[in-house]
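A.B. asks: All chains should be modelled from the sequences, with the hints used to inform the complete structure.
Each chain, letter by letter, is given below.
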Amino acid sequence: MWRQYLKILKTGIPTESVRKILRDPEVERLGAEIKRKIDKRFAGSLSIREVDAGSCNGCELEIHALNNVYYDLERFGVHFVASPRHADILLVTGPVSRHMEEALRRTYEATPDPKWVIACGDCAVCGGEFGSSYASLGAVENVLPVDVKIPGCPPTPAQLLAGLLKTLDRI
Amino acid sequence: MNELHATLENAGIAVTILPPLPPGEVWQIPSQDWGQAAQIAQSLKWRWSAGWGEEIVGAQRAVPRYRVNALLAKPGKYLLLRTEVPQDNPQLPSQAPYYHAADRSERHTRDLLGIHFLGGDTRRWTRHRAWEEGEFPLRCNFPVAGSRQEATPPDVAYPFLQTQGAGVYEIPVGPVHAGIIEPGHFRFQAVGETILHLEERLGYVHKGIEKIATGRDMLGLCRLAGRVSGDTTVGHAWAACMAMEQATKVEVPRRAAFLRAILAERERIANHLWDMASILNDIAFTFGYYQLGRLREDVLRTNGKIFGHRLLMDRIVPGGVAVELDNAAVRYLDREIDRLRRELDELVTIVDRNASVGDRLYTTGVLKVEDAIELGCVGYVGLASGQDLDVRRDRPYPPYDELSVRVPVEQSGDVGARFWVRYKELRTALRLLRQLLERLPDGPTRVDLAVPEEGAEGLGIVEGWRGEIVSYVRFGPDGKIARFFPRDPSWLNWPALERLILGNIVPEFPVCNKSVNGSYSGVDL
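Protein sequence lines correspond, in order, to chains A and B.
Each residue of the first sequence is one higher than the one before, starting from 1 at the first, in my numbering.
Each residue of the second sequence is one higher than the one before, starting from 1 at the first, in my numbering.
Hints in this document: simulated from the structure, not taken from any laboratory.
Please note that a few of the clues may not be correct.
[Unchecked claim] Derived contacts from chain A toward chain B, CB cut-off under 10 angstroms, selection only:
#, residue
1, M1
2, S17
3, S45
4, S47
5, G54
6, E62
7, S83
8, M100
9, K115
10, E129
It should be emphasised that the depicted structure is a prediction, and the values quoted were computed from it without experimental measurement.
We put the CB at the ideal spot given by N, CA and C, even for glycine.
C.D. replies: Set out below in structure tokens:
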């Protein structure tokens, strides 16, 4: 047990300031403002439901990274939830495969109002490498109203963080 | 190989030996003997590795026919069995009664190409409702855009196995799961907390990869292959490029082969770190999750800094690589190996000595050795259940022909075995990475590929981080792709989850699932 505590002490807190992650003073200003907004309007907690509607799983890897110790998304009061019924925001990845079309619609319907939709990654933004076909509907906006788009293949955690902060700025 | 040939001939099966498709030999047999050939190969302990169908038209064939392929393997040997069926009566005996691994593959071929395998499972697999029964997207006359105008209804009528009896209940899970994870459906039958039966239903992220590959140029195919499964972008891109290079008879420069292997081993390292972290997360050992997740992020950041992409997408290109390493970068990567080893030594000691971690990992989700043989499991799933397979050692491709790869094998087949096999593979990858950096030769990193002639084909087989990846490419006119089939190792490992979960309790499902970590995108295509 002492080894574990020693390792925890040695590791310290590697979480990085938004300034270091984004190297963009504008976004850091957003960071502070948004924290205030979330505290005020969402009682300190904003919930995101991630929906893979057909992605290659690259976007999921980078979304996971947002929760690692460096990015620590929860410090802004933002966290990923297990059910759309608990969500304020749907973060949708992938071109929408036709086999996921109805599941995505139902997830959207299960999300209480007010709600926002973020299209995450090139496929969700414009269809990406897969585009539209017999199997794919392409961009998320072909199925749901989209509020914010975060391009990238996949978007890096820094780009995801900037995109999320900008979304929150609009809310 | 000779034994199989003799046994087939003795059974009255006419074998036509076609020009080889390295690393495989190619034999054509009559379609009515397709099932019996599988029975014989199975009895001679050949492993079923991959299967796909093709429609061959144009200058290559006056009367269009369908060609069916099954790749069989023994350590170090590959045999591509082929047969043809006429377009007006596309049916042949199934291989699934002898090879469980052929089941979903044959159903996929039937759903997309309309070839019927008699004696196999008649239920649909990849098809939900995006196209109708009787429509076959991979046929040349099926338009890429499809014909559906209205919204696609959900596939509610899939005939899952039904159980009956006192106290038996059903738990449907998915396609949208609770975590940040790909979509798929799991149907549990349980009594109390104990799982009696699990049935997987995938196909939700079917994106028509095989169809939209047709007509692409080589670079376009390489980009698509790099997105068959995002976590295996290096593995699939390498396999597809290997197939294209073989079809154009080009050998990549030695430096390019080394750089590809550096990318592949780094992909293995990042994914194994992440899987180990996630397994620990699923048993609520969050210390391990965050610590190993931190190391994974370090590796991804180095990827971004040195190679320009955190997941290494589009770094492998036809004819070589699109990256270069100077001396400073080599030193940087080398120092990272030492740092990772030091950290892993500390962390793994902590994990190993934690009794509650052991309590959850050992004897949980056991895949018996005989089940692993029957299902043909590969990669860490196979290795943890006694399947001593690794393409890098058994059928080495450059640069692994210059290196020695140690392959860890365990017999217990539980979640713990799959955890430790990953750890040992990770250490092997670090050792290989150091050797690759030390011996990195000078020279060009890319050669141009000539335009291949129509009908040229190639087979690429590499060891991805999940196990053996098979990629098949055939060219049409003007150097454009006529057929692309990527076989992710998940095809062979997904069915293992249905077996190893039996008798476990429902709350153990997440960690059992994670210990297999099949790719949904990689099999849905």
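A.B. asks: All hints are to be evaluated individually against the structure, with a verdict given for each.
C.D. replies: Hint by hint, here is what the structure shows:
no., hint, in the structure
1, M1, "holds, 8 angstroms"
2, S17, "violated, 16 angstroms"
3, S45, "violated, 18 angstroms"
4, S47, "violated, 13 angstroms"
5, G54, "holds, 5 angstroms"
6, E62, "holds, 7 angstroms"
7, S83, "holds, 7 angstroms"
8, M100, "holds, 5 angstroms"
9, K115, "violated, 15 angstroms"
10, E129, "holds, 5 angstroms"
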